[in-house]
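Chemist: These are the residues of each chain, in order.
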Amino acid sequence: MKKYFLTIIALATLWSCQTDERYENLNKDPKNPSEVKADFLFTSAIVSLNDQMATPNVNDNIFRFLAQYFTTTTYLDEPNYDVNQRGITDRHWSELYRDVIFDLQDAKSIVEADSEITDAEKSARIGQLEVLEVYAWSVLVDTFGDIPYTEAVNATEFPLPKYDDAATIYSDLVTRIGAASTDLEAGQGFTGADVLYSGDMDAWNKFAHSLQLRLGMRLSDVNPSLSKSTAEAAIAGGVFTSNADNAQLQYQSNPPNTNPLWEDLVQSGRADYLPAATIVDVMNNLNDPRRATYFFNETVDSYIGGVYGGSNNYGSYTHVGEAFLDPTLPGILLDYAEVEFNLSEAAKLGYSGAGDASAHYNAAVTASIEYWGGTASQAATYLTQPSVSYDGTNNQFATQFWLAMYNNPLEGWSVWRKYDAPALVLPEDTGNPIPLRYTYPVNEQNLNQAQYEAASSAIGGDKQTTPIFWDIK
Amino acid sequence: MKTKFSGFLTLILAFVVQITFAQQQSVTGTVADEDGLPLPGVNIIIKGTSTGVQSDFDGNYAIQANQGDVLVFSFIGLKKAEYPVGASAVINVTLESDAAQLSEVVVTALGIQREKKSLGYATQEVDGSEVSDVPTTNFMNSLSGKVAGVNIKASGTMGGSANVIIRGSASLTGNNQALFVVDGTPISNANSNTSDQKTGRGGFDFGNAAADINPNNIASINVLKGAAATALYGSRASNGVVIITTKRGSKGKGIGVSVSSTLMISDADKETLPKYQKEYGAGYGPYYQSDDGYFNLFDVNGDGIKDETTPFTEDASFGAKFDPNRLVYQWNSIYPQLDTYQQATPWVAAKHTANDLWQTGYTSINAVALDGGSETGSFRLSGNNTMQKGNLPNSEIKRNSLTFSGSQDLTEKLTAAANVTFTKTDGKGRYGTGYSSGNPMQQNRQWSQTNVDLYEQRDAYFATGENITWNPNGPDNLSPIYSDNIYFSRYENFETDTRNRYFGNFSLDYELNSIFSLAGRFSFDTYDELQEERINVGSSDVAKYSRFNNRVAEYNYDLILSFNKDITDDLNLDGNIGANLRRNSQNSLYMTTNGGLNKPGFYSLSNSAGPIVTTSFPDPDTEYDATSMIDGVYARAGLGYLSTYYLEGTIRRDRSSTLPIANNTFWYPSISSSIILSNLIDATWLNFTKLRANYAEVGSDTTPYNVFNTYAVTAPFAGAGVASNNSQLNNRNLKPERSKSYEFGIESDFFNKRIGFDVSYYRTKTEDQITPVPVSTATGFATKYLNAGVVENKGFEVLLRLNPIKLTDFNWNMTVNWAQNESQVLELLPGIDNLELASLQGGISINASPGQPYGSIRGTDYVYDSSGNRIVKSNGYYETTSTSNNIIGNVQPDWTGGVQNTLQYKNLSLGFLIDVQKGGDIFSLDTWYGFATGIYDQSVGLNDLGNPKRNTIANGGGVVLPGVTEDGTPNTVRARTDYYANPYGYARDANKGHIYDASFVKLREASLTYDFSEKTIGALPINNASIALVGRNLWIIHKNLPYSDPEAGLSSGNVQGYQSGAYPAIREIGASVKINF
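Protein sequences appear in the order of chains A and B. If you read the first sequence in this note's numbering, its first letter stands for residue 1, the second for the next number, and so on. If you read the second sequence in this note's numbering, its first letter stands for residue 10001, the second for the next number, and so on.
A portion of the hints provided could be inaccurate.
Partial chain A-side listing against chain B, Cβ under 10 Å, derived [what the hints assert, rightly or not]:
{"no.": "1", "residue": "LYS37"}
{"no.": "2", "residue": "ILE46"}
{"no.": "3", "residue": "TRP93"}
{"no.": "4", "residue": "LEU96"}
{"no.": "5", "residue": "ALA152"}
{"no.": "6", "residue": "VAL153"}
{"no.": "7", "residue": "SER229"}
{"no.": "8", "residue": "SER268"}
{"no.": "9", "residue": "SER311"}
{"no.": "10", "residue": "GLY315"}
{"no.": "11", "residue": "TYR452"}
{"no.": "12", "residue": "PHE469"}
No wet-lab data here; the hints were simulated from the structure. Think of the CB as a built atom: it goes at the ideal place given N, C-alpha and C, for glycine as much as any other residue.
Chain A extracted, bound-state conformation (with noise of 0.2 Å):
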């Protein structure tokens, strides 16, 4: 009887005994890498910053309604502000945490940890990396306030990380934005991996002083000392000379690499986005040369916008330009117009190395003018306009600068909170106040309660009404 125990238990001990090394391999995804180069994550994270910023897709972000340059015609939640149905907020958070300064921080560890190149080649490249941070950084602030920064990102040491005072991040980003340029200029960085700039080190340099003069015009009405150091510094670096220098992505022609634009306007075969009333009216007053490239007349004789926020029905209206409708349409995250406009309210402000503030703003509609194909002679005309000819009102500023950013349309929002100008509308359907900020994602209070209670009270309220620190004004 023993034996008959002995031998069995004998055989199943023998028949499990398999080495540790076998288990451990087996839970080991061959499918996919567990170390891949930072190139990889580099161009990952470039791709999906301008995905980000340039989608008009409803479940992504709203910029395009916040900015009122596009409405819709159907359903109309979106153009209301209603970001809460579709958890945009929560995609807008997650995209830029996770897939962007995850990405590149991480990146980061594994240039620094890259034993095969120079010291020069890593501080290039982790300049390259930072500046795209800095970036990333600086939209999630302008677009929730207060964020977690210091305990973001470490999952493992901070799983509920709390949130940070929004301008003291703003401080630490310019200072790291400045460090950035120092960085880039040690040597060469990325070139294959760099879809923007194919390693170019002088077109990193001039994007990262433009990207310094942008944080440090934005600070201007809160801290304006600060705001004028980090514009001078910036332009004593040397920002954008002309559209050649743009900050942006030439996109693809293949899914999917195209412009999310193309997605939703053409590849959906949809008809939800219109230009709004609000931009197409302003364009039509000042007869704007570049109505021609920012809209188009299919289906009606002369330019009419969407009622913004309103039913609408889509062949009534103007529709998008068709340069919208390309796939490999780039997308945008900084570009020369925007430099001189901030240039030029440098002028005004009289920072030093700012030069005319006149001259700055028709440099800046000029170059709007002919990056969406108009001639130098029809932003010569349109200027000569009296509405148009820069008269130093702030309506008249904000209102051009605006304009220019029609596929920047984060930044013409941010324009449009800085400045108060031009006259945006209450969406018609529910006539909700238009935000001066998102509201936190659904999943933070959900996920991170405590400390998003905390920040909620530190900022006065989770609300959309609630405005980022810069906006003072």
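Please build the complex by placing chain B on the supplied structure of chain A, with the hints as guidance.
Modeler: Just chain B now, kept in the frame of chain A:
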């Protein structure tokens, strides 16, 4: 296949006829029990032959036999009796009850056969006929309402999956489905549906794999509910086990043939379809180009004058009031391909609404089985053909299966056995699910125009073969904007799938001596499937062709030493020691065209408009390749004393490759005991009483690849490689999950078994749940794999057997099942307040949160004053919360139950099953959107003033919502109900308004069967035969969910309580014939 069978059948028939007509004398008689009551259905066989008959309803029998033959009388629960045939032509027989036989033998974990009375845990047996008498294409659906504590929910689509949950959901996010074991072979019950499908975003429900089991082959089903019952199976069985024993041949019986055939006709239950309003047509409100704002203007007929046209793009019915005198250029006037081109038609409600899409379907199930045996072996070979035509156009499922089982005594002590099943399933045109264009219910329940006649759409498609939709961009752009012509979609954008499956086992049993026996078994379950999806050029979606090749395999190697010894006369010891090696693997490839198709109607990857992109980004991965292994050793020992006291213990150790090395080995024990109280009490009215109790712990591992972090490599951008961190943070310190449970039960039979019950109470606590916990994405991850929480399930199960009437000719049996399960999340890791199981369209989520029952529905709610009245804003609409994390419902039912009745009068029997669910909530995305598009009858009618609700406020329309204003006074402001932003739909309502009670009472099954007695068919070479009229889902006696079936859902899995484009209940009526030769 069919022709081969019928040829074979003819041969067999000829053979049988030959045997039967050999020269013999007739023997007749009556069989009765000890009380003298006649016994119907007693098997009477001539010993050593296959010749046999059954006694009829009056206990009479007649058989042809030779003098010297021995007749063997056998009946379950009674002692076998043998009578030699002498000169007398009459043999009357009394069969005595058999104590040993009474202690029914059931199959428990690992195929170990046990006396049912000795078990210390609850099991419930279901006879094979319960799932084959009223057959379905997915036999699991036939278990609904028949087993206490087993909750089955069919998804409602043709061939769709069935969610089988035993004693509640124990796992927060993992698999909660029961394990299926067929003749010792664990069978995969996975579904290969995408997570998009499971969360209502579209895709097809390909069903779950256990549907491959042929119900006609099932001899019995034993449901092991608690951990003590399943502990020997190891970690995988923590959700309960459904043990299926198939029919087999018996030794020494000769050749038998049985044939059965069923034809069921099916139709959609109208009570579960929308009721459309018939007063107003297309539009979202009065803002189009015509004077009244309801129509667009376009010169359709080319006369230079602009005509009134339907607002084609508007998928809603808040448009102009119908008026037969108003001629409008509708969709059929703008397609040059149609005869109706440039013709205006009266503005009237559709004669054929979208509900006319539902056509009559049928299911035919034909089975043939051949069995037989010699003195040393037996076999059974069966074939089954199932053909289902769905209730939507162009839909069908075919399934053919072949099963062989055989065993042979090689020597006195050594037996070899094999069971092998091959099943081939081919599906075509399965119903698209969720919020997608592939689901016609999306437009039919949510977004449509009540002026569109479905049959005209149908005729337009068949006349042109093109996507002539009611919903084009406009008269000058005929491409579809949102919705396709449903017929185009059904006939052009259909899926096909095929699955070839092989499962079975080979085993050797060796009886070492009178005490020990040794068994070795290799079992396998493998399938290959191919799922192809198509979207043709011209559809509203981007054209595509995709294919998913999936290969799944499981291999088990078992070695079991068993022993059984009477230590003394009163004390018995039995037990097993064994080892099990398990290997699971899945290897799949998903490929899809990119950016459209070049050649319309040509479905091949080579036809991709853009270069094909592969990606390792989840769901579906382009490629997935995983193997896992678990090695286990176990032991079981049972003690029986005086056949009254029983004690049993098990222990098992598993080692799993899915866990980190340091934590990959885990032990778990179980102990159970029972006392047969009735042996201690001498009362004639008490037939049997058993008390039982058990405690068990079960460990559980996880799925592959949750330990090490990886990157997702995606399509390159302009030649640059792209990779991103996965959004799941894996965990190198995972440890096994553990569930601890105890259970008490009592079962009893009284008054000659006229009354019996079986009651269980159980409590299961699952700790260290391995769960991908959603975390703040500010951490860089969306989920983190953790041992995260504790879930408790507790509940009662009651099984009541009644035999209220028992007369000579009439018998009424009743079985009542009732179960209540409370599933509660006790705790999550510190800092985690809530675990989101799914975030769903409409802004709601399904959650597990501490202190809450599993499956709470969160979303927006109304705002209430202190006395609970809804607050109405100054504009007459309800104020709704700005937050979406309010608990507005829970998916768990309060209780479920079933009442099965069998009424037997002579040879005629009537059976019917009433299936009940009380409570449980469901969120309807269908009314959420549909109430905003004005398609339902709810959107019309009169208001409190007696005016049509749909009048403008100025014209006395609108409604006064019950509630109070901010200052507490009753609301008197009228809210507009003449356009999409009315108070009832998604535009203005709270999610709470679309939470419905999912309770139901259903007449689930009914059958009327006639058994032909020996007398009737005595002249034919037939042992027995029956014909039956059968029906399923015959009548929804009660429900609270309007326009829909409360059972309809998305798929099997953890996301329940949500309807998006729900399918109607399908009522089936048919007939079946069974003949045994």
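Chemist: Given a cut of 10 Å on the nearest C-beta pair, is the interface hint for A/TYR452 held or broken against chain B?
Modeler: Holds, because the Cβ-Cβ distance from A/TYR452 to chain B comes to roughly 9 Å (cut-off 10 Å).
Chemist: Quick one, is the A/ALA152 hint okay against chain B at 10 Å, beta carbons?
Modeler: 5 Å, holds
Chemist: If you take the shortest Cβ to Cβ gap from A/LEU96 to chain B, is it below 10 Å?
Modeler: A/LEU96 check passes; min Cβ-Cβ to chain B is 9 Å, inside 10 Å.
Chemist: Given A/VAL153 was flagged as interface, is its beta-carbon under 10 Å from a beta-carbon of chain B?
Modeler: Because about 4 Å separates A/VAL153 from the closest Cβ in chain B, which is inside the 10 Å limit, the hint holds.
Chemist: Report holds or violated for the interface hint on A/GLY315, using the least CB-CB distance to chain B and a cut-off of 10 Å.
Modeler: 5 Å, holds
Chemist: Do the numbers back the hint for A/ILE46, that is, is its least Cβ distance to chain B under 10 Å?
Modeler: 8 Å, holds
Chemist: Close enough to count: is the Cβ of A/LYS37 nearer than 10 Å to one in chain B?
Modeler: Since chain B brings a Cβ to about 7 Å from A/LYS37, closer than 10 Å, the hint holds.
Chemist: Answer holds if the nearest beta-carbon of chain B is closer than 10 Å to that of A/SER311; otherwise answer violated.
Modeler: Given a least distance of 5 Å, the restraint on A/SER311 holds.
Chemist: Next item in the hint list is A/SER268. Is there a CB on chain B closer than 10 Å to its CB?
Modeler: For A/SER268, the interface hint holds, since the closest Cβ of chain B sits about 8 Å away, which is under 10 Å.
Chemist: Would the stated hint for A/PHE469 survive a check requiring a Cβ distance to chain B of less than 10 Å?
Modeler: 19 Å, violated
Chemist: Let's test the interface hint: is any C-beta of chain B closer than 10 Å to that of A/TRP93?
Modeler: Interface hint status for A/TRP93: holds (6 Å vs cutoff 10 Å).
Chemist: With a cut-off of 10 Å on the beta carbons, see whether A/SER229 makes it to chain B.
Modeler: Interface hint status for A/SER229: violated (30 Å vs cutoff 10 Å).
Of the hints listed earlier, those the structure fails to meet are numbers 7, 12, in rising order.
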